[in-house]
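For the protein sequence lines, the chains are A and B, in the order given.
End of the first sequence = 458 in the working numbering, gap-free, step of one.
End of the second sequence = 1824 in the working numbering, gap-free, step of one.
Simulated from the structure, these hints should not be mistaken for laboratory data.
Hints are not guaranteed to be accurate.
To be verified - Covered by chain A, per the in silico footprint, the following chain B stretches (three or more residues, Cβ under 8 Å): (1) 1395–1409; (2) 1453–1460; (3) 1751–1765.
Claimed, not checked - Below, a sample of chain A positions facing chain B; criterion: calculated Cβ distance under 10 Å: (4) Glu48; (5) Val77; (6) Leu138; (7) Gln141; (8) Glu150; (9) His158; (10) Ser307; (11) Pro365; (12) Glu438.
Don't be surprised by glycine CBs; every beta carbon is placed ideally from N, CA and C.
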Amino acid sequence: MDGVLLTVTTTRPPATDLGYLLVKHPGKVHTFDVPTGTAYVMYPEATEDRCTAALLLDVDPAQLRAQQESFELGAYVNDRPYAASSLLAGALAKVFRSALRGASKDRPELAAEAIPLEIRVPVLRGSADLATRLFAPLGWQVTAEPIPFEPEIGGDSHYVDLRLAGTVRLADALNHLYVLLPVLDDAKHYWVAPDEIEKLLRSGEGWLAGHPEKVLIARRYLAHRRHLAESALSRLDVAGPTSDEEAELPVARKVSLAEQRRDAVLAVLAEADAARVLDLGCGPGALLAALVKDRRFTEIVGTDVSSRALDQAARRLHLDRLPERQRDRIKIWQSALTYRDDRLRGYDAAVLMEVIEHVDPPRLPALEASVFGHARPRTVVLTTPNAEYNVHYEGLTGMRHSDHRFEWTRAEFQAWAARTAERYGYAVEFRPVGDEHETTGAPTQLAIFTETTTEVTS
Amino acid sequence: MIDVPELALVALVGISGSGKSTFARTHFKPTQVLSSDYFRGLVADDENDQSASAAAFDVLHYVAGKRLAAGRLTVVDATNLQSHSRAGLVKVAREHDVLPVAIVLDVAEALAWERTGSRPDRTFGRQVLTRMHRDLRRSLGSLAREGFRKVHVLRGPDEIAATEIRYEKLYNDKRELTGPFDIIGDVHGCHAELVALLGKLGYDTGRADAPHPEGRTAVFVGDLVDRGPDSPGVLRRVMAMVAAGTAICVPGNHEQKLARKLNGRQVQLTHGLPETLAQLESEPESFVTEVQEFIEGLVSHYVLDGGKLVVAHAGLKEAYQGRASGRVRSFALYGETTGETDEYGLPVRYPWARDYRGSAAVVYGHVPTPKPEWINNTICLDTGCVFGGSLTALRWPTRELVSVPAAQEYYAPVRPLSAIAEKPDEGLDLADVTGRRHLDYGYGRTTVDAENAAAALEVMSRFALDPATLVWLPPTMAPCSTSTLDGYLEHPATAFADLRGVGVGKVVCEEKHMGSRAVVRVSRTGDGDAIWTRTGRPFFGPALDVPLLARVRAAAAELFTELDTDWLLLDCELLPWSAKAGGLIREHYAGVGAAGRHALPAALAVLDQVAARGLDVGGLRDRIELRSAEIDGYSAAYRAYVRPTDGLTGVTLAPFAVLAGAGTSYASKDHGWHLAQVDRLVAADAEIFTPTRRMIVDLSDASAEAEATDWWLALTAAGGEGMVVKPYAGLAVTDAKGRLVQPGVKCRGREYLRIIYGPEYTRPEQLGRLRNRNLGRKRNLALREHGLGLAALDRLAEGAPVWRVHELVFAILAAESEPVDPRL
């Protein structure tokens, strides 16, 4: 019923020999059952000078849906019946199996020869730029025309009509497509298992190791499963991909800054002689892991509003495998800083590391009341980005993270902290974290609040 | 006849065979009686296994605690002959602030021996009984000392058999008094202001007992005396009113201290007590004695008006209401202090009102406040009259505040009144919303699963507006039953049938706007105005929300006046769809359209070339051609909801219900009323508002139905999404059994549904499959969310605390996490 299309054309006479290479006779319409529908191979032109094979994939949405278990609306109406993707790559591998291997019973020399080829994929998700970066290094002349939206909507869609021209071995061409179509599409339709590494390395033999975009190719092909991508790349003998965290920032300083921040927080906790500590907004538990290692902390509580983050933290700390005595030191609770939580009362110290900038400014009073008014730890350690420092991040426009609701200058942060400290009976002091710049200060600002009165503000 | 408080822990005391179990069976319900034998059996399979006693009493105490916490009389059937075992019971009673009562059954040892002899399982010898009897004799003298507030000793089988139990109410239980009341804050000797206030409230102050012509009752929250110019005058007035029954009074800490002084106890002469003592000097001694007796007779708190109102001088937390113990009295008089003092040397008080979650309103005084404010259904009426503030009364049940200003500052406050000018933050407790929660919201009951609550918590705390603003969320809406008409999945015929089926006779069909749901709160002053999405997020962000709200506010000016409200809550659709969902449309809907409209012609071109070579591709070509027409239909469908906007230019709101205003929910108004208000807004600003086309249909009139069906066909043929069919009578319509019915069902157009079910859904085989869609979950969800929303509006109208509204709004958001087919 549908049409995901790929055409391969050669002009090397006798062009109809393409039929021998593909093992599909040009005089027939060939039909194949594939797991997600029906594939057709046919020849819109077949002359001595020019022969084109078309692979048309008729995707059955019901069959496709059976493989997904999602209540997302996209599971019902989507571009899969039209756009080239891993579905087409899968069909290609099945229908042109021997050609992909470079084998030909009838025309072995031709199979080994680079021949003039034209390839067209009318609808492919991805940008023209990326298509060029992926195919051009392999010797293709790339024409990727963005497919426009209707005038009522205006502009270009995120699909391109891709045409490749070059003199390439047919088997290489098919392998390029087999690997790179899903990479451009970037949404695998099936669960990516470790044996995908083998498929990638086999199809990428002879070209992937030297490809300038091999890191991106490996990551996307392996559906962003980082350890698989690292494994594949190590076998291609290149450095592993950068972490997702780092991808947020255009400069590579963040890892070391995160460490410096962690150390600064730990130092404050040590100075405050805190044994029972809260990590409010613990996320996936980076700080918790550091706290657990230090025996001075007899009780460690990590809270976050995201249950997913808490699951990650529990996994990171191997909570299910810790001996009982160790396990008893650690608590992981869902909590929200805009609600007061009786469980959080009476601790020595609370850490809010890179947390408040994720709270909408109108909700800050609720956070202040719940942390400083209700939980009332003896010490509060709080860090947040210093907006003034952002000028040093090359290419950074706006804020450092897409979820930041604000980033404060040092004056703004200190004014807020002083106001909050005054209202709730704390003294506050500030420290820079990270390399301090003469005019803009350090990348991270840290405040230490120390309880001075035990007044309860109602 | 013996008296037992309605709420008490009753310990039966007696040797084996004294008839405790029979007595318990005769006078109490089986569930009220906790027998040690039974609990021994529970934990050890043997009622006589004495080695299991410790464990059995553990469980017994635990169960007793649960019963007492819930306010249920509890009787303990055990020998209770040892002081340590009775101490355990006294402890449980005290923990729950109920009175421990002992009923001793004193029978002769011989009779007991004879009775136990008939038991097949008697495991003890006569010497055990002798020892028990000795313990009983020893116990009799010490029961009162051990803390039993009442000790009844019943001697011999005849007296035991003849005994009847009479239940007595606690002194603080005045639930039968329904007022109406005028609750008056701390007077502190300001007699002139008291007379002025009573006069303003309508009491006949010409008479000493100041009766009210409408039979109203004054309620004094205590601190009648000290600091002010005429404490004796105030006392005389209040004592006369209390004696005549025109007033009731609870004591304040100042009365308490005065009584101690008058009793000859050593107290510090501070905080205005010397002034009172000096004023009393000139009073006759008999009056002083009367004052002393009056104060000693005061009960520290009252539960009034069927349990809806609690009055105590310093307030009272829920667990202490209607209870009696030293700490209850102390809380009522002094409040809960943290043991610290503030910078003025005044005690720091624990903010119990902030944590208050009780259903009874608590009215109190004690701490001067510039302006009385409701905090979680509690209110402090001490407006510092003696410090030059005012004397304030709360009218109950209307909750109206009446006050008179102080004639002068009679006493300088330690802490200036203005130092506590800020309204205390009610705040929200995580326990109000998280975990598995059962909600009885008046229109039904629901359970919020912990995991859905967890998901909602994330959305609520990371993205939503302040809960104080976010007073309502729109419920999801179910589609009409699935149509079997050829080519249709949804059709007016089934929509009408659905409503007729639940007994609705008249409906309004409203054009369904295809945009983004928006809830708008606007007020005369602009204070607290907001516009939010169906998940409670600010709509566009301040840059557009603020000017948009200003337009709505201006257009609503007349409505504010006519409806006599300072603010309004509007349920709207914001148009066009692309204004808010532009990104989604480009990424998803238009992306699929562009891909399809490019892919299918390319495939057709290939097939035509193949056919030109003489090969047969007929069937395949026909299918792709059909598909190509379908993708065009799909594209046309979403395109109808895309219009260019620039900032607010091109953005309009289509309101369809006026949900609430100050002190009112408009849920009971019919849709004619709602649409009339909406039309006023459209008339006031036709640029920012889009009208909603509608048709009223009498479901018993087939021609009216046919006309409405034609209307729907025309509407949807022109690219409209469809219509919503609602019971005309309003938002809270119920069926014959009194159950809430769906507030409306949507009936979506044939072309529109391509966006939802896919370009090809109209094919017979696809329609056949889709007709099996199951609407049950969606309907259930829609009805629950609707009921929760109605309840939130009701609570808002009655001035409920933020947490009471928020728990419902939160439950609506949590319900949205339930897995339901999003296409419905």
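Hint check:
With a cut-off of 8 Å between beta carbons, the segment 1395–1409 of chain B has 0 residues touching chain A; three or more are needed, and the interface restraint is violated. Restraint check on the segment 1453–1460 of chain B versus chain A: 5 residues with Cβ-Cβ distances below 8 Å, three needed, restraint holds. Beta-carbon proximity to chain A at under 8 Å applies to 6 residues in the segment 1751–1765 of chain B; the threshold of 3 is reached and the given coverage holds. With 10 Å as the threshold, the beta carbon of Glu48(A) stays out of range of chain B, its nearest partner Cβ sitting at about 14 Å, so the hint is violated.
Checking Val77(A) against chain B by beta carbon gives a least distance of about 5 Å; that is within 10 Å, so the hint holds. The beta carbon of Leu138(A) comes no nearer than 24 Å to any beta carbon in chain B, farther than 10 Å, and the hint placing it at the interface is violated. The closest approach between the C-beta of Gln141(A) and any C-beta of chain B is roughly 20 Å, which is over the 10 Å cut-off, so the hint fails. Proximity of Glu150(A) to chain B holds as hinted, the smallest CB-CB distance being about 6 Å (cut-off 10 Å).
A hinted interface residue such as His158(A) counts as satisfied when its beta carbon comes closer than 10 Å to some beta carbon of chain B; here the least separation is about 6 Å, so the hint holds. Taking 10 Å as the C-beta contact cut-off toward chain B, the hint placing Ser307(A) at the interface holds, the least distance being around 5 Å. Nearest Cβ of chain B to the Cβ of Pro365(A): about 7 Å, under the 10 Å cut. The hint holds. The beta carbon of Glu438(A) is not positioned within 10 Å of any beta carbon in chain B (closest approach about 35 Å), and the interface hint is therefore violated.
Comparing the model with each earlier hint shows violations of hints 1, 4, 6, 7, 12; every other hint is respected.
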